[in-house]
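Asker: One letter stands for each residue in the lines below.
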Amino acid sequence: MKKKRFIIIAVAVLLVIAAAVICFKMFGGSHTGIDNNPESKLSNDSKVLVAYFSWSGNGQQMARWISEETGGDLFRIVPAEPYGKDFDSCADRAKNELDNGIRPELSEHIEKQAMEQYNVIYIGFPVWWYDLPMPVWSFLEEYDLSGKTVIPFFSHNGSSNGAGSVSRISELAKGAKVLTEDALSIPGRSVSGSEKEVKEWAAERLKENQ
Amino acid sequence: MKTRQVIKIGIDISMTVLLFILMAFHYVGLQWHEVTGAVMLILFILHHTLNGNWYRALGKGKYSSGRVLLTIVDAVLLIDMFLLMFSGISMSRYVFRFLDIPVSKAWARGMHMTASYAGFLLMGFHIGLHYGMVVGMIKKVRSFAKLENTSLCKTTIAPKKNAKSAFFTLKKREVPHGLKKCKPGGLPVCTWTLRVLAFLIAGYGVYALFTRKFVDYISQRVMFAFFDYEEPVLSFVLDYAAIMGLMIFISYYLQRFLQWIRKTVPKKKENIN
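Chains A and B, in that order, are what the protein sequence lines are. Under my numbering, the first residue of the first sequence is numbered 1, with each subsequent residue one higher. Under my numbering, the first residue of the second sequence is numbered 1, with each subsequent residue one higher.
Hints in this document: simulated from the structure, not taken from any laboratory. Just so you know, even glycine gets a beta-carbon here, dropped at the ideal spot from N, CA and C. Among these hints, one or two may not hold up.
To be verified - Incomplete in silico selection of chain B near chain A, CB under 7 angstroms:
| # | residue |
| --- | --- |
| 1 | Leu30 |
| 2 | Leu69 |
| 3 | Thr71 |
| 4 | Phe98 |
| 5 | Ile101 |
| 6 | Ser104 |
| 7 | Phe210 |
| 8 | Lys213 |
| 9 | Tyr217 |
| 10 | Ala225 |
| 11 | Pro232 |
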C-alpha cells in the first residue's frame, strides 16, 4: 500500500476521533450536588412521614412540596460521608456501592418510638444506575416498617418507570405495603416546574390510603 | 453460494438484528441488554475471523478513493466497537460482573452512550459500503427483468418477404423499439421503484435522526438517553430502521459517486496531455 494513502487514512481516523473529543468538552452537560445538611421536622402527632434522599436537590424539592401538601413530617436521609458536589465522583461511588452491596452509614436517625406513629411513609430518591441509591437501602433496613404504607416518589433521567428502584423498595421494606403501581415519576429537568403535579399526586395517594 | 458465504451473511444479518435489540435497551431491560451484548461479542469475533482476508489485504493493492473511504469507516467503527464493549463490560452487573475493571463508571456511562449512537450510524455506513458491491451483483443477475425484454418495449412487425428467408419470416416478429427507455441497458421499472423508495426512507431517516436526538447523545450535549416506555416497539424500530437506511443510502451513493469521478476524471487528464 502506498505510504501516502496510509497517512491519509490514519490522519482521517484521528481527525474523526479528535472531533468527537472536542464535542464532549464543548457540549458535555453537568450536574452539581447540593449540600449534605440534615432536614428533620418531626412532630409527635403526624401519621405521615415524608422521607427523602437527594443529591441534586430535586428529591428535596419534591419532598418539601409533599410535606406542605399533606402536613407530613419531613426527614432527610443523610449519609455520614457526603457524596460531594462533583457528578462524576458521585456516580463512581454510587456504582461501586451498588455493585458491592455497600450500605453507607447515615448520620440522621428517627427514634424507634417515633417511627411507630407513622402509618404512611412517602419515600423520595433519584434513580441511580437503574436502581435505588444505597443510602435509601440503609434507611429501609434500619426500621421496622411492617404494616405501614410506603409510597415512592422519584426523579429520573430516562428510567421513567424507575427501572429496578421501586421493586427494590418492595424487597427491602419487609412487611410494608409498597405502592409500586402509583409511584410518582418525574424527569430531573422537569422537577422545578412540577409543584402542582407533585402536590396533586401526594394528596390523592393520601386520600386513598388514610 | 458456498456454505462459508451463507454463514457469513447469516452472521451479518444476526448482528444487525441484535444491534436493534441492543438499541432498544428500555424494552428489553438491563439484564437482557447485557446478554445480547455478550452474544454480539461472540458474533463480532466470528465476523472478524471469517473476514480475516480484509485485514490481510490492507497492505496490498490499489487504494481508490472508495477503498480509502471504506478503510477509514471500518477503522473508526472498530475503535468505536472496542470502546463500546470496554465501557459496557466495565459497567456490567450480570454477565461480566466477575471482571472488576478499575475504570471510572461515570466515564464509562458517557462513553457507552456516545459509542452506541455513533456506532449505530457507523454500522449503517459499514453495511452500505460493504454490501454496495452485493447490490451491483444483484443488478447483473436480474437482467431478465430488464424493460427491453418485456412486451412494453417491443412492437410486432409484419413478416418480411425475402427470397432467402421465405420460410423463416412468415411469422410476425417482435423487435425492440427505438425508444430510449427501451434501449438495451435501460433501467428496469423495478430499479426505479426501489430508488424512489430508498430516497423516501432516507428522507424520513433525516427527520428521525433529529427527533431521536442522535447528535445530542453522541456529543453528550444531552447526558442521558430518553426512554419512552409507552411508545409501541414498532414505532421505535421503524425510526431506527429509517436512520440506518439513511446511512446505507448515503454511503452507497457516495461510493457510486467516487467510482463515477474515477471514471470521468482520468479522461480529462488525457485531454490536458
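Asker: All hints, please: hold or fail.
Answerer: Structure-based check of each hint:
no., hint, verdict
1, Leu30, "5 angstroms, holds"
2, Leu69, "9 angstroms, violated"
3, Thr71, "5 angstroms, holds"
4, Phe98, "11 angstroms, violated"
5, Ile101, "11 angstroms, violated"
6, Ser104, "5 angstroms, holds"
7, Phe210, "16 angstroms, violated"
8, Lys213, "12 angstroms, violated"
9, Tyr217, "10 angstroms, violated"
10, Ala225, "5 angstroms, holds"
11, Pro232, "16 angstroms, violated"
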